[in-house]
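Protein chains in written order, with the numbering used here: chain A, 1 to 376; chain B, 1001 to 1376.
Hint data in this document are derived by calculation from the structure and do not stem from the laboratory.
All residues carry an ideal CB built from backbone N, CA and C; glycine is no exception.
Keep in mind that the hints are not guaranteed to be accurate.
[Claimed, not checked] Cβ pair distances, simulated, as ranges:
(1) Leu1121/B to Ser275/A: 32 to 38 Å
(2) Pro1220/B to Gly145/A: 50 to 56 Å
(3) Glu72/A to Ala1330/B: 49 to 55 Å
(4) Ala276/A to Pro1220/B: 29 to 35 Å
(5) Glu254/A to Glu1254/B: 34 to 40 Å
[Unchecked claim] Some, not all, of what chain B presents toward chain A, calculated at C-beta under 8 Å:
(6) Leu1099
(7) Gln1103
(8) Ala1219
(9) Leu1260
(10) Ala1322
Protein chains: 2
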Amino acid sequence: MPDEPAGRDPQPRDPRAGDPVTGPVLVVGVGLIGTSAALGLAAVGHDVLLRDRVPENVRTASGLGAGRAATEADDPDVVLVVVAVPPDLVGRVVSEALLRHPQAVVTDVGSVKEAPLREVLAGPAAAHAERYVGSHPMAGSERSGPLAASASLFEGRPWAITPHPRSAPDAVELVESVVRVCGATPVWLTPGEHDRAVARTSHVPHLASGLVAGLLDGAPEQHLTLSGQGLRDVTRIAAGAPGLYGQIVAGNAEAVVELLGDLRAQLDVLIATVSAGDRAGLEEILQRGVRGTRAIPAKHGGPPRPMRSVWVSVPDHQGELARLFGDAVASGVNIEDIRIDHDPGRPVGLVELVVDELRAEHLLTSLEERGWVTHR
Amino acid sequence: MPDEPAGRDPQPRDPRAGDPVTGPVLVVGVGLIGTSAALGLAAVGHDVLLRDRVPENVRTASGLGAGRAATEADDPDVVLVVVAVPPDLVGRVVSEALLRHPQAVVTDVGSVKEAPLREVLAGPAAAHAERYVGSHPMAGSERSGPLAASASLFEGRPWAITPHPRSAPDAVELVESVVRVCGATPVWLTPGEHDRAVARTSHVPHLASGLVAGLLDGAPEQHLTLSGQGLRDVTRIAAGAPGLYGQIVAGNAEAVVELLGDLRAQLDVLIATVSAGDRAGLEEILQRGVRGTRAIPAKHGGPPRPMRSVWVSVPDHQGELARLFGDAVASGVNIEDIRIDHDPGRPVGLVELVVDELRAEHLLTSLEERGWVTHR
Chain A
1 MPDEPAGRDP QPRDPRAGDP VTGPVLVVGV GLIGTSAALG LAAVGHDVLL RDRVPENVRT
61 ASGLGAGRAA TEADDPDVVL VVVAVPPDLV GRVVSEALLR HPQAVVTDVG SVKEAPLREV
121 LAGPAAAHAE RYVGSHPMAG SERSGPLAAS ASLFEGRPWA ITPHPRSAPD AVELVESVVR
181 VCGATPVWLT PGEHDRAVAR TSHVPHLASG LVAGLLDGAP EQHLTLSGQG LRDVTRIAAG
241 APGLYGQIVA GNAEAVVELL GDLRAQLDVL IATVSAGDRA GLEEILQRGV RGTRAIPAKH
301 GGPPRPMRSV WVSVPDHQGE LARLFGDAVA SGVNIEDIRI DHDPGRPVGL VELVVDELRA
361 EHLLTSLEER GWVTHR
Chain B
1001 MPDEPAGRDP QPRDPRAGDP VTGPVLVVGV GLIGTSAALG LAAVGHDVLL RDRVPENVRT
1061 ASGLGAGRAA TEADDPDVVL VVVAVPPDLV GRVVSEALLR HPQAVVTDVG SVKEAPLREV
1121 LAGPAAAHAE RYVGSHPMAG SERSGPLAAS ASLFEGRPWA ITPHPRSAPD AVELVESVVR
1181 VCGATPVWLT PGEHDRAVAR TSHVPHLASG LVAGLLDGAP EQHLTLSGQG LRDVTRIAAG
1241 APGLYGQIVA GNAEAVVELL GDLRAQLDVL IATVSAGDRA GLEEILQRGV RGTRAIPAKH
1301 GGPPRPMRSV WVSVPDHQGE LARLFGDAVA SGVNIEDIRI DHDPGRPVGL VELVVDELRA
1361 EHLLTSLEER GWVTHR
């Protein structure tokens, strides 16, 4: 899909000049994602309509400036429907939208793409499937509800667009324009590729985290006192809502089961390797994990830059943390990530600052000059 | 082990009154842990001797105030040896220390306890094993080397003490005093219990993280663009040094293999559950993971307090982060944890602040009054 040409205009451009969205946009399901998309579209002047099975949500979202409540009179005019309902309902609501709004392109924003597509192609709206183009923004799913929404939720985030073979080109173009209006970066994948990708980057990691956390359930309390930051990191996502993740995993069962099979095969090799006392084999397995961590994209895109952590002792007073930040800022070094090492009873906290490897020494020197106790 | 009585003295107490350490302390292996223990002991006035196979390390640690280079003339006087060498060498170095310093109690600070103990009991110093009491401080293992050391490294941290059946009571008491001098909290476990505990809280989580990360190695780059914060959290510890972790896992092979077997059994149930479309079963597995996350001890000990996250949009300028901190501090709400949501191309960062659930609304209101864009 070609980008729109960026020329220099003497007058300010109408942000909607050449915009393929030429009428009202309907958002069905005004939770976090739906409301955020609505806010993004309303911000550039689109007429946004809101529908939700809970009237209170519509009032809330409308009050935030996300749009107005949809009425039956709007039905024929709608040119785009964004379906943002829970995973189990996507296929059905997409089909309903294709039938109810004959002028409209329909997209959904769910975490899985193949299952809802299959449902649409097997359902009452199958003949209209050319107007359906699925998509999936990678953004803030651990929060929920319209109050958590923001027009900038998708800025700079990847937003997968997953046309199927029958999707009409102008339908695809329209969905792409929505993605760009919301400030996101399109990532083009088939529905099947998408589902296999998120099985690997999201669903299986979540399930693995849950299994590791599950091993802690019922463990002796005294054993659990030997917990550190590593354990907290591995198990953090396992705290997420079982109801929602159950729907997501079930909706991507095929890709998830296949990858879980790969995981089990790797686990079998690991068990055999450790049992046999094969040190070289064990290090090879660990090294593969190290390579995997380096494959994850870094901040601001581009090849991952090597990062380095520096640690600073911070007396456990909140003012100290702010002071540290001010001093880190003054050093001119960009802080990529922060972690507070918090364990029971620490009067002195340890703050971990992650910075570009080439800037670490400068940061350390800067902080030491200002009296901080640092650790490499 | 009874605490020393705390009375009110009109004169300042000698911090070493009643101290069971009545002579020089030798630290063998002046890496992060060894040097930090040395600094802690030197800080209360003990005569600390340093030994390492790399003379440079001894010079460095000594320069930091951790002690002086050990000489042969010191050998008969040493009353305590702290063995802080890599996992593979612990058993042998403990045995050597028991033989070389007949007056000394010997402890080690390694991540696994049974394997070195077995080696000592089967080795040339077996007759002196009553003077050996293993221990293991839970502290900062991702850094390394004497320059990273700090006398406060162990403050408020758990430090496991793992006497074996033949350990002499006065030897145990002496090791406990070292732990307390370093500001740590003793956790009493048998060597076997300890190893099973860290298999569960540290080794198996690390290996699981490595397997999940390993699945990313060689994956299509486009698929990896769909990576989020959850994946980064799960795989973070997998970036750690394969050489060291290989030694640790190999040294705890029995407990690790047993628990990996439990993990595989759980994985089999998960695969069957998802394959069968058993939604209730899947939610039960996920719910067990949620319970597991709640079993991890919280900051400052005591029962885990329910936490809540609030998110704040922060323009991607470092000064803004410091400003946010200052405002969070001014609100009076204690920040338990911070996470910066960093993904490619975000011009607006999202900072997650984790606070006590009961204080979240107050923090949000405070920040909003100061102009921050917040998200629940």
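Do the hints match the structure? See the list:
Taking 32 to 38 Å as the suggested C-beta distance range, the pair Leu1121/B and Ser275/A does not conform, at roughly 23 Å. Remark: the range hint 50 to 56 Å for Pro1220/B to Gly145/A is contradicted by a beta-carbon distance near 34 Å. Our hint of 49 to 55 Å for Glu72/A and Ala1330/B holds, since their Cβ atoms are close to 50 Å apart. Taking the beta carbon of each, Ala276/A and Pro1220/B are about 33 Å apart, inside 29 to 35 Å as hinted.
With their beta carbons about 37 Å apart, Glu254/A and Glu1254/B fall inside the hinted range of 34 to 40 Å. With a least beta-carbon distance of about 28 Å to chain A, the hint placing Leu1099/B at the interface is violated under the 8 Å criterion. Using the Cβ-Cβ criterion of 8 Å, the hint placing Gln1103/B at the interface with chain A is not satisfied: the shortest such distance is roughly 31 Å. The interface hint given for Ala1219/B is met, as the beta carbon of that residue sits about 6 Å from the closest beta carbon of chain A, less than 8 Å.
Restraint check, Leu1260/B versus chain A: the minimum CB separation of about 5 Å is within 8 Å; hint holds. Restraint check, Ala1322/B versus chain A: the minimum CB separation of about 4 Å is within 8 Å; hint holds.
Figure legend: structure checked against the earlier numbered hints; hints not met, in rising order: 1, 2, 6, 7.
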